[in-house]
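Position chain B against the provided structure of chain A, taking the given hints into account.
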Amino acid sequence: MRVGFIGLGVMGRPMALHLQKAGHELFVWARRPVSVAGLPATVCATPAELGRCCAVVFTVITSSADVEGVALGADGLIDGLAPGSVLVDCSTIAPDAARRIAGRLREKGIHMLDAPVSGGAQGAIDATLAIMAGGEAAVLERVRPLLECLGKRIVHIGPNGAGQVAKACNQMIMVAAIQAVAEAMHLAAAAGVEAGKVKAALAGGSAASRVLEVMGERMVSGDYAAGIEARLHHKDFGLVLEAARQSGVPVPLTAVVGQQLNSLMAQGWGRDDTASLRRVLQLKS
Amino acid sequence: MKIAFLGLGIMGRPMALNLIKGGHAVTVWARRAESMAPLLAAGAVAAASQVEAARGQDLVISMVADAPDVAEVMRAVAQGAQPGLVAVDMSTIAPAAARKIGEELAAAGVDFVDAPVSGGEVGAIAGMLAIMAGGSEAAFARAKPAFECLGKNVVHVGASGAGQVTKAANQIVTGMGVLAVAEAFAFASKNGVEVGKVREALLGGFAYSKILENHGQRMLDRNFKPGFKSWMHEKDLNIVMQTAHELGLCLPGSAATAQMFNAMVGSGLGEEDSIAVLKLLESLSGQA
Chain A
3 MRVGFIGLGV
13 MGRPMALHLQ
23 KAGHELFVWA
33 RRPVSVAGLP
43 ATVCATPAEL
53 GRCCAVVFTV
63 ITSSADVEGV
73 ALGADGLIDG
83 LAPGSVLVDC
93 STIAPDAARR
103 IAGRLREKGI
113 HMLDAPVSGG
123 AQGAIDATLA
133 IMAGGEAAVL
143 ERVRPLLECL
153 GKRIVHIGPN
163 GAGQVAKACN
173 QMIMVAAIQA
183 VAEAMHLAAA
193 AGVEAGKVKA
203 ALAGGSAASR
213 VLEVMGERMV
223 SGDYAAGIEA
233 RLHHKDFGLV
243 LEAARQSGVP
253 VPLTAVVGQQ
263 LNSLMAQGWG
273 RDDTASLRRV
283 LQLKS
Chain B
9 MKIAFLGLGI
19 MGRPMALNLI
29 KGGHAVTVWA
39 RRAESMAPLL
49 AAGAVAAASQ
59 VEAARGQDLV
69 ISMVADAPDV
79 AEVMRAVAQG
89 AQPGLVAVDM
99 STIAPAAARK
109 IGEELAAAGV
119 DFVDAPVSGG
129 EVGAIAGMLA
139 IMAGGSEAAF
149 ARAKPAFECL
159 GKNVVHVGAS
169 GAGQVTKAAN
179 QIVTGMGVLA
189 VAEAFAFASK
199 NGVEVGKVRE
209 ALLGGFAYSK
219 ILENHGQRML
229 DRNFKPGFKS
239 WMHEKDLNIV
249 MQTAHELGLC
259 LPGSAATAQM
269 FNAMVGSGLG
279 EEDSIAVLKL
289 LESLSGQA
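Just so you know, the sequences run in chain order A and B.
Numbering of the first sequence is given in our numbering, commencing with residue 3 and proceeding in unit increments.
Numbering of the second sequence is given in our numbering, commencing with residue 9 and proceeding in unit increments.
Just chain A, with the same shape it has in the complex (with noise of 0.2 Å):
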């Protein structure tokens, strides 16, 4: 099948690999070249002429307006794509800026499916996400031979946007997990304790956790090189608690984990591992 993909970076180069190597042809576009270099793809000029070549395409984009302008933009994907085609946006945005989007795509018969990602560059590479589909559940099943080209577990959440409270959902518990392992370590190593002895033993019990083992790691030999930029999940923070206001719904441990992620950002740590909240908790006024 022709597949478009859109968001050559650090999770969307591995992801569009793999759908190349499972027999698909590959159409790219980017708004930096440089990005598109050495892939297997056909490079296109704009989104619209990907587009016209994809009955299916990919994108996974930074921000809620990066998506907005890539689908519906002046040469965007709108403007391209045929009824009945597929647009599926494994980016992490609003769910409000999903629905709209795919409101608009609907107006010209354009199927999307909000399909958020969890898994980090690892899983990406490891073809081992986990993917959290919003949209239509036929839609979802035309689409799944290619997302199981890129994860091992599939769930269809509901509606459009339905995908991305998922992956909201997702980052609070993810990011206030670090946020315990980190006070956790802490305080073990304030109190005299051997930091990484703690986390071996924890390994063991009821707090064993990915978060633990992963981030718990990095924490203990200080190697804090990204995993995942801690930026990426400060903006995820901005869009929960938008989300959580516009329901009224009160994220009091939420709240609070953002302001140790505003702390680590004014550090200029934002693009280290978001294990750095251990860091913020060392800093010294």
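Think of the hints as simulated: they come from the structure by calculation, not from any bench.
Any given hint might turn out to be false.
Stated by the list, open to error - If you want a taste of the chain A side facing chain B, the calculated C-beta under 10 Å gives, among others:
1) 64
2) 65
3) 67
4) 247
5) 267
What the hints assert, rightly or not - These stretches of chain B come out as covered by chain A in the derived footprint (C-beta under 8 Å, 3 or more residues):
6) 242-256
7) 262-273
We put the CB at the ideal spot given by N, CA and C, even for glycine.
Leaving out everything else, chain B in the frame of chain A:
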């Protein structure tokens, strides 16, 4: 001075009346005729549109709900403006939004002052508002005679946006202040101590504040009528938290407070005064 006043709500109406009382020639415009009626009865002139209202004025003042409303009003003002017009927005909006509106007006040759207020409806009626202004020295000087009809404590804080930064800081202090008084009262009450006596004792010490005095009394009276609606305080705290997010600023106390106001709006207390946070605390502690 010839002044157009746009936005005749709970705050705007008494403010416009005080300008008339101060001897200024006031022009008003409102979507609904009944909003204008009390002003016209006091001697104001009605304009046919916002653009018309701005024509031939020395000063235009807006007092509306949110940044998009201010932007819309000021676009109309720019169309009707004569050279040398000073536009003043007294609404509470994000500092970044105020700066942007200021730049747009500057491009149209209009000087802009962001001048949000504190003091609520009572302060607006009494002409006792605190006014915190951002903009050029010259524009502030032009607007000052109008400010003096509206408030007693008028401070030119700095350049464009500085007024809104000050107002956001004000909402941090008042938001946490109301919550602090409510928590202290809930604490005393759950300990079986008479809350009115606690307030009385605290008023003499370092915990004294206007909020303990005024808001505290209303909490004792269980008078939750606004005043200042909690949904508006929630909106203002959201401005604080979004600005903190953009700047990389850690505000844990404001974050916790913002969530309490968020919960108030979600649980149907949005139209009540912000002191209704006491009710939320009571229900969280099984005191309701």
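Structure-based check of all given hints:
no.: 1; hint: 64; in the structure: violated, 16 Å
no.: 2; hint: 65; in the structure: violated, 13 Å
no.: 3; hint: 67; in the structure: violated, 14 Å
no.: 4; hint: 247; in the structure: holds, 6 Å
no.: 5; hint: 267; in the structure: holds, 4 Å
no.: 6; hint: 242-256; in the structure: holds (count 8)
no.: 7; hint: 262-273; in the structure: holds (count 8)
Of the numbered hints stated above, those contradicted by the structure are hints 1, 2, 3, listed in ascending order.
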